[in-house]
Amino acid sequence: MININNYIEKVAQATRLWLQPDNQLLKVAIDRTVEEGLFSLEDIKFQIRTLKQKVDSGQVEEWAQRAGISESNNSIGRKVLCLHAGNLPLVGFQDALGTILSGADYFGKLSKKDPYLLASFLKKIEEFDLQNRVKYSTELSAYKELKADKVLFAGSEESVEPVKEKLFTLNAITEQSEFVIRTAKFSIAYLDNEDPVTLRDMIEAIFRYGGKGCRSVAVIVSPFSLSKVKCHFTDYVEEFWLRNPQLKKPAENLAYQFAFNKAIERDQAWLDDFLVQETDEFPDQEFMLNWVQGDHEKLKELRHHFGSSVQSVYRTGKNIDGIKTEFLSQAQTPDLWWEPDGVSVLETVIKQTHIPSK
Amino acid sequence: MNPYKIFDESVSFEEKAFQIFEFQKKFNPIYQSFCKALGIANPESVKEIPLLPIQAFKEKEIITAKKKLSTNSYQLFLSSGTSGMQRSQHFVADSNLYKQSIFDGMWEFYDLHEFVIWAYTPGYNSNPNSSLVWMLNALINRDDSKFSKFLELDNSLLQKEIDEIRTSGKKLMLFGAAFGLMDLAEKSNVEIPEDSIIMETGGMKTFKREIAKSELHEKLATGFGIAKEHIHSEYGMTELLSQAYSRGSEWFDCPSWMKVSIRDPKNPMQEVKTGEEGLIGVIDLANFYSCSFILTGDKGVMNVENQFQVLGRWNPKNLRGCNFLIDQD
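Just so you know, the protein sequences line up as chains P and F, in that order. Take the first sequence: its letter number 42 is residue 42 in my numbering, and every next letter is one higher. With the second sequence counted from 1, adding 1000 to any position gets you my numbering.
It is possible that some hints are incorrect.
Said to hold, decoys possible - Okay, the calculated beta carbon distance ranges per label pair: (1) F:Leu1078 to P:Ser227: 19 to 25 Å; (2) F:Asn1141 to P:Lys298: 43 to 49 Å; (3) F:Lys1273 to P:Glu194: 47 to 53 Å; (4) F:Ser1126 to P:Ala251: 42 to 48 Å.
Honestly, the hints are just simulated from the structure, not real lab data. Idealized CB from N, CA, C, for every residue including glycine.
Let's have the full structure, built from the sequences with the hints guiding it.
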């Protein structure tokens, strides 16, 4: 019988040690990631710093406590397959940590776009010889005959079909396997002032990781028009980029969009590697920010219209009636227990429901 | 350039396309601004002519004219949609050009003398701004057999009327949207001649229902009791004045003044390789007084014979955020 408190403490300890500055495994992983041009050093350092701050303040233990993990409430013995995306450094960390913390056997398909960083964490976990299994690979074929109980991944109802087919072919899943699909794609922010602190938080929320995470802001709703704040705004963007050069560059379709906007006389700000445009359309392209002039009602209207594609709505001041919001300053530094798609990772992994995968 | 020259097959498509490009770049302010912003002044090949994203028809009046069009000097087509939705507007300065494109386009694939046209769509009076209904109205009025008509919606087909067409020596061509035709087949207990053509005009994804094209064609063949080779499809839209046709397969052919290419969504100036999926780009020379060079939001693929398949709408909504992509991650 496992002593759950000891178990949680071991996981927390492993995570703390992993994040220590003298951890060579992590250092090598960072160096390789940067050398191969996968992510910028600044983005990796930002992520590591954020995680370290959360872990050092006891958030691993607190997360377990919040989820009510106990001897009778855990996932011990269950097999969880995590399919990790690779759009930003350590994007799969929460799923991996949550799965391990729950007591489940963790099977991680690491992204080929981020193969080293999470692996260094998992190597540290292995050193602690926890009683649950930890296996990870960049190859899906490594999970032949796994017959996972749960599969966690981010995508869409359209993208899940080819994934399921492949997993069935490998016998990595069964008809009883439960799929947990995260569909949220971007976040919205309400900007109601031009204070330097607010603007710096906003820039961080938009441009960190090249704007690629679901917590990144892709739409701003503001009482101000784009033309009013454009110049001021771009000053802060340039300041951010001096410290955090954007590693990945947009494809030519961004210039195409710029040309289209010019033709239809849509207000926009062209930042070479990023485009800000005044429109309330769905933000369907990378390296783009949509600016909507509007009030709280417009914010709520858009939130409703974009539906499950919206991860978070950020505010800078008081709560906004009728809509759930988070502080803008926490956009890229959420607590470990933040809820993708509004669902707790730990509770999801622990929960026992049978939803057929076909 | 005389716009009716687009139908002159003694002039190459490329020559006509370049002339229209110069004309529209000069006299269509939206397209002019678009080309200028892209830095395209003198494309060296037709492939290099920039395609205007079709959303432009929702945002602005896309008109190529040396002087402003006066009210009532044009036919206005609107895309379908509910009130409150932004709809495309196509200002058609010369509806006779549209008419000729319709007729000559069909002549490239069918002998119009042989056919009676039935349209299972709302009629012209209730939909004067529908380019499809306008087209069907023109085809119906063209036929002097008196058998061509708009069918009453929600009524079944009548065997007596079908037999009259058969007796006259003509063949039946029945137009309709996907689900409308399926519903019609279901409620009609008739035998239609095996040489009839069922022409579906799209609409496979509605608010309530969705069906793949191949499945639709199978159901229509079974429902109407004719071979699948007689289930044809028309590819057209409010923003175009020409139509492509597929005849018994999923591959579409264009009339000689229309060309389709498949573009890379990450770089719409580039065509993808044959067999690769991408965005459908259309050069429709009949759009002489609007914009002939259009990038649609449809997903398509081309084969080695320059035919194309329509694979639905291009859904870019999954480009942002975390996405586990099986072939990349």
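Each hint tested on the structure:
1. F:Leu1078 to P:Ser227: 19 to 25 Å: Taking Cβ atoms as reference, Leu1078 of chain F and Ser227 of chain P lie about 31 Å apart, which means the hint is violated.
2. F:Asn1141 to P:Lys298: 43 to 49 Å: holds (48 Å)
3. F:Lys1273 to P:Glu194: 47 to 53 Å: holds (48 Å)
4. F:Ser1126 to P:Ala251: 42 to 48 Å: holds (44 Å)
Violated hint: 1 only; the structure is consistent with all others.
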